[in-house]
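Trainee: Please construct the entire structure, taking both the sequences and the accompanying hints into account.
If you read the sequences in order, they're chains A and B. Take 5 as the starting number for the first sequence in the working numbering and just add one per residue. Take 60 as the starting number for the second sequence in the working numbering and just add one per residue.
A few of these clues could be false.
To be verified - Quick partial rundown of chain B residues pointing at chain A, CB under 8 Å, derived from the structure:
hint, residue
1, Asn483
2, Asp661
3, Gly750
4, Thr754
5, Pro756
6, Leu765
7, Gly768
8, Asp769
9, Ser822
10, Thr837
Keep in mind the hints are simulated off the structure, nothing from the lab. Positions of the beta carbon are idealized from the N, C-alpha and C atoms, including for glycine.
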Amino acid sequence: MKRFFLLITAIAFLTSCETDVTDEITLNGETPRLVMEGGIERNTTNPVSAQRIFLTTTIGFLDEVQSQPVEDAIVSINDGQSDYLFTHTEDGIYLNAEIPAELNRTYTITITWNCETYVGSDSLNEVAEFDDVYSEFEEETLITEEGYFVKFDSTDPVNIENYYYYRAFRNGEFIIIPDPGNSTTLVESDEFFDGQQRFGVNPNEEVIYELGDSAVVQQLGISEEYHDYLLQLFEQTGNQIPIIGNPPPASIRSNIVNTTVPSNRILGFFYAADVEEESLIITE
Amino acid sequence: MKERIFLLITILTLSFAGYSQSNHTISGYVKEKLNGEELIGVNIIVGGFTGTVTNEYGFYSITVPHGIYNLKVSYLGFKPIDREVDLTQDIKIDFELEEDNYELEEVQVTSSKQKQTASVRSTEMSVVQLSSKTVKRLPITLGEPDVIRSLQLLPGVSSVNDAATGFNVRGGSADQNLVLLDDGPIYNASHIFGFFSVFNSNAIKDVKLYKGGIPAIYGGRLSSVLDVKQREGNIKDFSGEVGIGTIAANLLLEGPIAKKENGEGKGSFMLAGRRTYADLFTGLVEDLDGTTANFYDLNLKANYNLNEKNRIFLSGYFGRDRFELESFLGTVWGNATGTLRWTSILNEKLFLQTSAIYSNYDYNLDNLRSGSEFTWSSNIVNYILKPRLSWYINSNNTLRTGIDFTYYDFNPGEIGAIEGSSINPQQFQEKRAIETAAYVDFKQNLSDKFSFQYGIRVSNFNRIGQDNVLQYETGNPLTYNAVQDIWEENEVIGTESFSSGESIENFYGFEPRFSARYLVNDDTSLKFSYNRNYQYIHLISNTTSPTPLDIWAPSGQYLEPQYADQFALGYFKSLKDGEYDFNVEAYYKEMYDVTDFIDGADLLFTENIETQVVQGDARAYGLELQLSKNRGDLTGWLSYTLARSERQILGINNNEYYPSNNDQLHELNLVGMYKLNSRWDFSANWIFGSGRPVTFPTSRYSQNGLVVGDYQNRNGDRLPAYHRLDVAATLNPKKGRKGKWIFSIANLYNRLNAASIYFNEVSEVNDVEVATGETQATRLAFFGIVPSVMYQFKF
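Mentor: Below, the structure written as structure tokens:
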């Protein structure tokens with residue numbers, strides 16, 4: 005997909021030119037903000053051992069340092085019935101193995117750090133199952149290299165608004181590439197295929213397999229808010245060549261708010277998702 | 060407001076009083092001798108001081124007292140005509156002007172084409188005019204002579220970057236320009252992502268751009284009017300022209316219709332076609348196999364004289380762009396417009412024109428990705444009727460009045476399945492509206508020193524059914540949450556249905572227009588103008604999408620009309636008997652209810668656009684200076700613009716003013732054309748512009764395995780300055796030969812001007828795509844040095 009954008013610039017008279025100017029740019033920084041990653045996952049095929057929340061802070065865009073993990077926060081999640089306290093293990097990772105992941109529940113996270121409190125919630129919606137998962141060999145095209153791709157068929161439930169997020173793993177490793185195609189491939193709403201069976205959906209066009217690789221595919225049922233968040237995330241991270249910034253890039257808003265000092269916003273999304281998973285070994 | 064109308068009527072009435080009956084009228088047409096083409100803006104002077112100018116049909120009418128007069132007809136680049144007239148009754152005289160091939164061609168880019176001090180004498184200000192000849196003499200940027208690129212060499216006209224669709228006038232956005240091709244509106248004036256404009260320079264006769272002081276006869280857009288007239292075609296002989304360039308080839312045919320004994324047709328036609336070479340990019344680069352990118356356009360114009368007083372015209376434009384990527388996407392878009400016009404000389408003082416126009420801008424996108432193939436199409440159709448009456452009351456007073464009716468049919472989107480995919484067909488709600496405007500425009504020479512042009516335009520925009528309008532919880536689609544500084548979407552609680560023709564929302568606009576000129580002396584004048592304009596349709600443009608996705612949204616329950624007030628002040632000076640023109644203009648423009656995207660707007664296939672945009676105010680102000688050299692071997696101009704364009708919209712940029720995308724503090728253009736001898740012409744232009752606004756990230760973090768940027772201020776940073784030099788040489792044919800060569804080099808010193816600087820995660824290591832976690836800043840430049848050559852042959 006990145007090739008597609010290179011194409012567009014190539015068409016811009018075969019003379020367009022990209023130059024690395026990292027060393028010539030000085031950016032205005034900002035005071036570090038709290039960043040969270042993670043959420044509640046319900047996976048009936050391959051249940052998670054513990055639910056996981058990861059906390060760090062922002063760093064300058066072109067800084068060549070690693071961000072600092074936040075190790076002294078208090079993280080708890082309420083599932084509508086009880087509070088579950090997450091314990092810090094190492095490097096900003098907070099875990100809890102007790103909290104149940106159940107359909108149609110709303111989960112609310114509360115983080116307290118540096119005397120400020122952050123609160124946000126998301127709901128867990130059921131995801132459609134795979135009808136079939138298989139691999140296919142494809143020749144090189146404009147957008148993709150040649151190789152084996154994992155594809156699936158799935159039937160969308162009728163008259164229910166569904167939002168999907170797809171994940172692909174190769175030999176046990178989750179793969180995602182900052183690619184312009186992500187925003188149209190990795191997340192989808194059923195607006196135009198409500199109640200239909202879809203065939204040959206490629207969960208990630210950037211993940212190419214070789215014979216003998218093990219592949220895992222996940223289809224996540226997510227909330228509309230998380231879908232919109234991911235769409236913005238993929239548009240901004242994948243948009244390698246913004247022909248002109250319109251709509252211009254803007255801070256992607258979290259579903260968590262700072263209730264103490266609202267302008268000191270947190271970044272990242274707290275999600276709840278139902279996960280459909282299937283694995284296979286690539287064969288001819 | 061009522062008081063003002065009253066005052067206006069009083070002025071109108073008073074100016075008619077004192078007008079005596081012992082006057083006679085001279086009227087007629089002025090044409091080019093070679094091909095019978097009507098000439099616009101020809102200066103006609105009666106008795107040394109009273110004068111008029113031919114209108115857009117080459118018609119003039121002037122009324123003076125009984126007597127013997129010396130009549131002088133003059134037009135830049137043509138031999139003037141002097142004739143003595145004994146005026147004892149109303150007479151009709153047609154003139155034919157012969158092109159002046161012996162004198163050196165003069166550059167035709169002044170505020171008007173009258174005579175040397177035209178820019179000084181005219182009441183109009185903030186107007187630029189370009190002839191197709193000048194456009195063709197300027198260096199070619201990208202393989203084709205281009206009207207809109209040429210306009211950008213003038214003060215106050217710019218574009219956001221080299222590949223931006225449209226152009227910006229005095230800090231206004233691209234959708235605020237009314238682009239008319241023979242009176243028909245053009246909604247997207249560009250081909251291939253904005254690299255070319257839709258105007259084929261062979262088919263164009265004259266281009267006039269109003270940056271301010273917009274007369275009451277025009278309306279519907281805030282910032283400018285670009286009035287493009289096509290050629291009528293040769294009324295005497297059948298002829299043609301073939302042009303072969305590096306990007307496209309074009310063909311022009313013209314000739315008389317129903318030739319009479321005097322060697323002239325009762326009418327004439329012009330047909331011009333242009334096409335880029337088929338699938339230009341295929342095969343050049345291996346990666347581009349399976350790609351199609353091309354465009355073509357057709358221009359047609361025909362006219363026929365029913366009798367001495369009545370003529371009919373037919374003009375049409377049809378253009379298509381195609382961009383396809385095998386098994387990924389295909390898009391086709393284009394404008395089609397057709398105008399049928401009837402002009403009638405009711406008597407020597409009354410000229411009536413009526414145009415009936417059809418216009419369609421459509422856009423089609425095929426998503427060819429496996430598993431979710433679909434086709435999406437949208438269009439906007441207009442039916443327009445414009446009657447206009449011009450009354451040449453006497454040599455000091457001209458009145459134009461008329462009504463513009465426009466019926467709009469917006470089809471925002473229709474989604475269908477292709478190749479047997481499992482997509483549910485879907486039709487977005489069509490939207491309809493009727494725009495009606497009535498206007499009176501009055502030109503008045505009060506004395507030798509003072510002249511005025513003023514008028515009013517009263518407009519109405521009526522959104523009508525059939526429609527189903529969504530109703531939101533609080534009555535509005537969005538609510539601003541001040542604590543979180545964010546726009547929140549409200550719940551839809553139902554729909555309100557409107558039957559066919561039922562009024563949904565009705566808007567009125569009262570648009571006064573005023574221009575004044577004070578002649579300090581023969582070569583110096585001061586001018587002032589004010590205009591208020593309303594615009595009822597809004598362009599919501601998503602240019603981050605790979606294709607130019609343009610959605611036009613009409614005003615309605617959730618979208619207010621935008622309107623603007625502009626004031627301009629000008630100083631005009633003519634030096635060395637018109638060899639040089641110098642002018643300075645200062646303007647201030649306040650715009651209300653302009654639209655912008657909320658942070659994180661998503662537009663692709665979004666039906667309810669009102670949930671993605673918000674409205675606010677904008678202001679633009681600046682100073683424009685221009686020094687032109689009009690005569691001699693060397694002609695050209697130097698222009699400088701100092702300007703600001705800012706917006707203030709709730710929920711964007713912490714509610715503070717932020718620069719518009721087109722904001723540019725300094726802009727300098729130096730344009731020179733040099734005639735070496737009868738065969739060689741040279742031209743060059745140098746452009747300098749200070750950096751455009753851009754939004755750079757302030758920090759980064761990680762999410763879902765990707766590096767994400769965080770942003771603070773919209774358009775808070777600046778790109779580096781833009782500058783480039785273009786040169787061209789034209790080899791004219793020897794006597795008796797017909798071929799002409801044009802050599803051009805754009806961006807001679809190969810400056811890589813930043814169209815954008817973008818920030819991202821390094822995603823490729825040794826040709827393997829991978830998320831690295833490292834970040835970089837990359838500058839994108841659209842073109843370096845671009846040579847081009849063009850061959851033109853006349854027959």
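Trainee: Decide, hint by hint, whether the structure agrees.
Mentor: Structure-based check of each hint:
1. Asn483: holds, 6 Å
2. Asp661: holds, 6 Å
3. Gly750: violated, 13 Å
4. Thr754: Nearest chain A Cβ about 5 Å off; hint holds.
5. Pro756: Because about 4 Å separates Pro756 of chain B from the closest Cβ in chain A, which is inside the 8 Å limit, the hint holds.
6. Leu765: holds, 5 Å
7. Gly768: holds, 6 Å
8. Asp769: holds, 5 Å
9. Ser822: Cβ of Ser822 of chain B sits 5 Å from chain A, so the hint holds.
10. Thr837: holds, 5 Å
Checked against the numbered hints given earlier, the structure breaks only hint 3 and satisfies all the rest.
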